[in-house]
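Generate coordinates for the entire structure from the input sequences, incorporating the hints supplied.
2 protein chains.
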Amino acid sequence: MPQLRRDPISGRWVIISTERAKRPTEYKHEEQKINDTSNCPFCSGHEKMTPPEVMAFRDHGSKPDEPGWRVRVVPNKFPALKIEGPLDKAGEGIYDKMNGVGAHEVIIENPDHSKEIHDLNGKQIDDVLFMYRARMLDLKKDPRFEFVLVFKNRGYAAGASLTHPHSQLIALPVVPKRVREEIQGGEQYYEFRERCVYCDMIDQETYVRVRVVGENDLFLAIEPFASRFPFETWIMPKVHSSSFDLIPDQEIPVLAQLMKSVLVRLNKVLNNPSYNYVLHTAPFNQPNIPHYHWHFEIMPKLTQLAGFEFGSGFYINPTPPEEAAKYLQEA
Amino acid sequence: MPQLRRDPISGRWVIISTERAKRPTEYKHEEQKINDTSNCPFCSGHEKMTPPEVMAFRDHGSKPDEPGWRVRVVPNKFPALKIEGPLDKAGEGIYDKMNGVGAHEVIIENPDHSKEIHDLNGKQIDDVLFMYRARMLDLKKDPRFEFVLVFKNRGYAAGASLTHPHSQLIALPVVPKRVREEIQGGEQYYEFRERCVYCDMIDQETYVRVRVVGENDLFLAIEPFASRFPFETWIMPKVHSSSFDLIPDQEIPVLAQLMKSVLVRLNKVLNNPSYNYVLHTAPFNQPNIPHYHWHFEIMPKLTQLAGFEFGSGFYINPTPPEEAAKYLQEA
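So the protein lines, in turn, are chains A and B. Start counting the first sequence at 33; every next residue gets the next number (the working numbering). Start counting the second sequence at 33; every next residue gets the next number (the working numbering).
Incorrect hints may appear among the rest.
Any copy will do: because identical chains look the same in the list, a pair fits if it lies in one copy or spans two.
When the alpha-carbon atoms are kept at most 16 Å apart in a straight line, the in silico EDC-like pairs for lysine to aspartate or glutamate are as follows [stated by the list, open to error]: (1) K300 to D151; (2) K114 to E51; (3) K129 to E354; (4) K80 to E213; (5) K54 to E148.
No lab work stands behind these hints, which were simulated from the structure alone.
Structure (structure tokens):
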């Protein structure tokens, strides 16, 4: 019998196929191609092919838009939103609109075209995470923005057009729907129980241990009970914290260690899959709230969304999270 | 400057690229393949290849599971949900779950493998729509179900695995999130203005006429102001009605006429695209409500969703609905 499961935060239902659980090898395998590096705008030595850099972690003595960087942030050449201009909020009859103001940046994770984030050493992943935090803290100063979404598209099926390992961020003048829903769900749960729903989830998961993928002193990685996608994995701080940008320096290497371990396993079990990950954190104007909890959501792209998913908001997941956790633990 | 637009029903924001509007020919074209008919379980003469039929419109004298049908409904051979069994709602710590009880049916739109819905004549499309209504009315009798979602996946990019033209339906024990959101949004709007938000949208669209794709006495087809997808098209009854299953017999041919006209244009302008459509209607236990309005949403599959969309719930639409409406009007 398939099972209907409800996500305790957003209230969305998923259909979990519990009978014939799909094994990792049963998903269509996508070859990760590495495109020609001679035209890659993100490779070291090609700094002039991108717009001028916004920020970089660089070796002592190196200059902006020249080699010598470890992580480099540039504006997206084809931005979804434009950085200049006023919001000009306006109505149009019953409709609402505003100018598409926002930052759209590319975070080039390392100078080496062939090294995906899971290939990097601890120190290099630290740099990527420090950069996520640094860009958030910087964009927070712009009063037009309410939220920064950091995300990564890896592989063609996940929407990546360039293969050089990179993340992106988009700073937005509104809190996006998905995050608003999580915060509202967290608020309702908090009103009822006076506890953070994510903290309760962490307690239950570390107790029952059937969906734990990995952990260390400070962070936990799980397959969520109502996973939308096969091998969907969340990484969360064990101690309550609503805003990623408040993470202390000394915790970043501990997070990097677990992220690496999780991504290495996902790559091994799913044979180099395409995936998206997103970083969900509290909006700028709500730092330090008791009912929200920052987290990474990693979503391998193994299934296709169709009419049922678009029409209902339901998801069909052919691999129960408990099975997925087992594969990942054993990897 | 790109524009941020808010859907007045669900509150979701979309980013509309207004500067370099993408023309239909700029989207990657997908060839619609017609697979071998000798193994097609939906072709006339192959009735034994499907589970026994649930319902069919048949020529006088023809027998179930034999040729002679015009529209035929069979259980999905690989159902997402199972028709037998109790719901067994239960908790698991902080989580909620129930048995995956539901109907998953295939509506074979016509016996001819090569005739897509837009190729059919008026009477044949009437039959398909009469069948949607008949299945809803039948499944409504089962007290375990709260909602039936009718949907169609056309083409590989839209998730279709078989090319013989067919729709599907899934009867669900809960109201799906997307419909719940629309109803809640409609309710809030109604509380404030005492009018249906869809009716107001219809008034505004028929007045400004920049997003109208087609209309007749009873139905209107528009590109919605906050279209998530390029060439997204909605078809709605002009007179308020919340439940599709209450549509009077004499209105079905009028709806079929507009659906055909819209699908023919979409096929012409987008060169045979893959698409999904979904039918949104009020839940079984809320018939005849003043704040909801049934409608079809047609979503051509021209763009790819990636980390930003999954993480935010935002959509990026490279063709403004006003441009899309122009192309479709001129077709």
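The hints, checked one at a time:
For the homomeric pair K300 and D151, the shortest alpha-carbon distance inside one copy (12 Å) is at most 16 Å, but the shortest distance between copies (47 Å) is not. Proximity of K114 to E51 under the C-alpha cut-off of 16 Å is restricted to the inter-copy arrangement: shortest distance 11 Å between copies versus 48 Å within a copy. In this assembly of identical chains, K129 and E354 lie within 16 Å of each other by CA distance solely across copies; the values are 15 Å between and 43 Å within a copy. In the homo-oligomer, the alpha carbons of K80 and E213 never lie at most 16 Å apart, since the shortest distance is 41 Å inside one protomer and 47 Å across protomers.
For the homomeric pair K54 and E148, neither the shortest alpha-carbon distance inside one copy (27 Å) nor that between copies (32 Å) is at most 16 Å.
The structure fails hints 4 and 5 (numbered hints given earlier, in ascending order).
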